[in-house]
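Could you slot chain B with the ligand onto chain A? The hints should help.
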Amino acid sequence: MAHITRPLPTITQDSQEFWASTHDHAMKLQRCDRCGRFWYYPGPVCHYCGSTAFTWTPVSGKGTIYSYSLLERARGNPFEGDVPIAIILVRLEEGPVMMSNLVDYGDGDLAVDAAVEVTYEDVTDEVTLPVFRPAAR
Amino acid sequence: MIAGIGESKLGKVPEMSALGITVDAALKAIDDAGLQVQDIDGLLLHPAFHVSPRYHIIVAETLGLYVKTMADTTMMGGASYGAALERAKFAVESGLCRNVLIVGGEKLATGHVSGSAMMASVGAHNLDYEYPFAATIPAYYGLLAQRYLHDYGATDADLAAVAVATRKHAALNPGATMRMPITVDDVLASPVISSPLHRLDCSLVSDGAAAYVVSAQGTSKDPRREISMLGIGQAQSYYHMGQLAEGKGDHDLVRTVVDVAGKRAYEQAGLGPGDMDLANIYDSFTITVVVQLEDLGFCGRGEAGAFVTDGNIDPGGKLPVNTHGGLLSNAHPGACGGMLGFTEAVRQLRGEAEGRQVADARAAMVTSASAVASNFSVSILGASA
Ligand SMILES: [Zn+2]
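So the protein lines, in turn, are chains A and B. Numbering-wise, the first sequence is residues 795 to 931 according to my numbering. Numbering-wise, the second sequence is residues 56 to 440 according to my numbering.
No lab work stands behind these hints, which were simulated from the structure alone. This structure is a prediction, so every number in the text was calculated from the model and none was measured. Mixed in with the good hints, there may be bad ones.
To be verified - Which stretches of chain A does chain B cover? Using the computed rule of at least three CB atoms under 8 Å from a CB of chain B, they are:
(1) 797–805
(2) 833–846
(3) 852–863
(4) 884–896
As the list claims (entries may be wrong) - If you want the footprint, here are the derived chain B segments under chain A, 3+ residues with CB under 8 Å:
(5) 240–250
(6) 294–303
Don't be surprised by glycine CBs; every beta carbon is placed ideally from N, CA and C.
Chain A on its own, in the form it takes in the complex:
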């Protein structure tokens, strides 16, 4: 995988469980105890029904590409020298849509509705980002 100089997220009380799960290479999202829906990004309240009762729950890491853009020029950004970078919106099986990157892909893989699965990029000792690769066929 080509190296990408990544801006780092700030880990807060709302997101420490999420980043701990990606650090363990086993992504969890919050699932609402009242309406049962998963939400993303991490936050203190159910995005759909307002409940503050939730359970950090493992997700499958499987999804499909909702949209994509191949970044080829990024002047002034820390990852300027790391293009092209495939930026994707992934609709997870569990419902939420995440922004991420497609990695280790070939011709035809960067496409709307293409099946993808999560993999992990350990960026620093604290931060591991969930990225995606084409799903095993």
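For chain B with the ligand alone, coordinates are given in the frame of chain A:
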């Protein structure tokens, strides 16, 4: 009503500071309204990339406006100056203020902010869950554009047609930065910034400032030059692209909430899309225009490419769009770039647009947008009776 407008020099202005061009535009607008600086008792601006959270007070101090009954900021990126217009309208109608100055100026081309400006723009989005994946502003709009192409079977040539039409307008504006005619092939041959968007699908990076003065109807020295605010609406959805894409009800990434802002504006004005003599539609990218043309009812879903290719938004077309050349070809000095759509609409409705005058222009729409087509302002302006 809008009593006066002003613009600084646009494009590259290395000889003046950001504050300098801002004050220049303000003084021109005040003069155009037939007022003195001391007649201004309200001030609204978007502080954009300025470090001080009190930049509006700094501008007021510089102008010598000691007492104001309203001085505040609007923090809606590109949509700020449409939103500010609505607040100024409320202020003069309620008696809170007599004359409100709305002003903005940025130096994106020759200022000190080019690197940090981009960071600050990104900061309008999600630094924790998007920026680590190398999302830039063009990438966000690339995601929107790619999904649009997928949903409607459109092509990047449909997007490019907007840049081509906009350049035709710019060619008629002696002050526009980019005036050489271009073709769809030129757009598609320009380097990809973030697919499917090419360089010529993206707006310029400019210096510039603009201002307008809002006063109560019938109070200016020349009522024939007063421009009515017939209808104004705002609508905001989400910044986070994933949540925006999940959507709600009739809205998602491609079907934006600008229809909500548009409906308010149309209803207040008692007018519809077919009544607009021109529309200055915020064109941060070609795709930004495409989705707004559809969501505001100028054409059907998925039909914007054909609508544009058929010449409808050209000079002399059914709905001339961005008669000054827009952010794509005239100038794009950051968040205040959208103000140039307003100043141009005012010139058109006054009949002062010279070589690019739309014949008998009575009603003009002006939109502004920010944060990846999630944050919209729609205004319908009218010529004096
Ligand atoms: Zn819930």
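Taking the hints in turn, this is what the structure says about them:
Restraint check on the segment 797–805 of chain A versus chain B: 6 residues with Cβ-Cβ distances below 8 Å, three needed, restraint holds. With a cut-off of 8 Å between beta carbons, the segment 833–846 of chain A has 3 residues touching chain B; three or more are needed, and the interface restraint holds. Look at the segment 852–863 of chain A against chain B: 4 of its residues bring a Cβ nearer than 8 Å to a Cβ of that chain, three or more, so the hint holds. Counting residues of the segment 884–896 of chain A whose beta carbon lies closer than 8 Å to any beta carbon of chain B gives 8, which meets the minimum of three for the stated coverage.
Using a Cβ-Cβ cut-off of 8 Å, 5 residues of the segment 240–250 of chain B lie near chain A, which meets the minimum of three, so the contact claim holds. Requiring three or more residues with a Cβ within less than 8 Å of a Cβ of chain A, the coverage given for the segment 294–303 of chain B holds, as 6 such residues are present.
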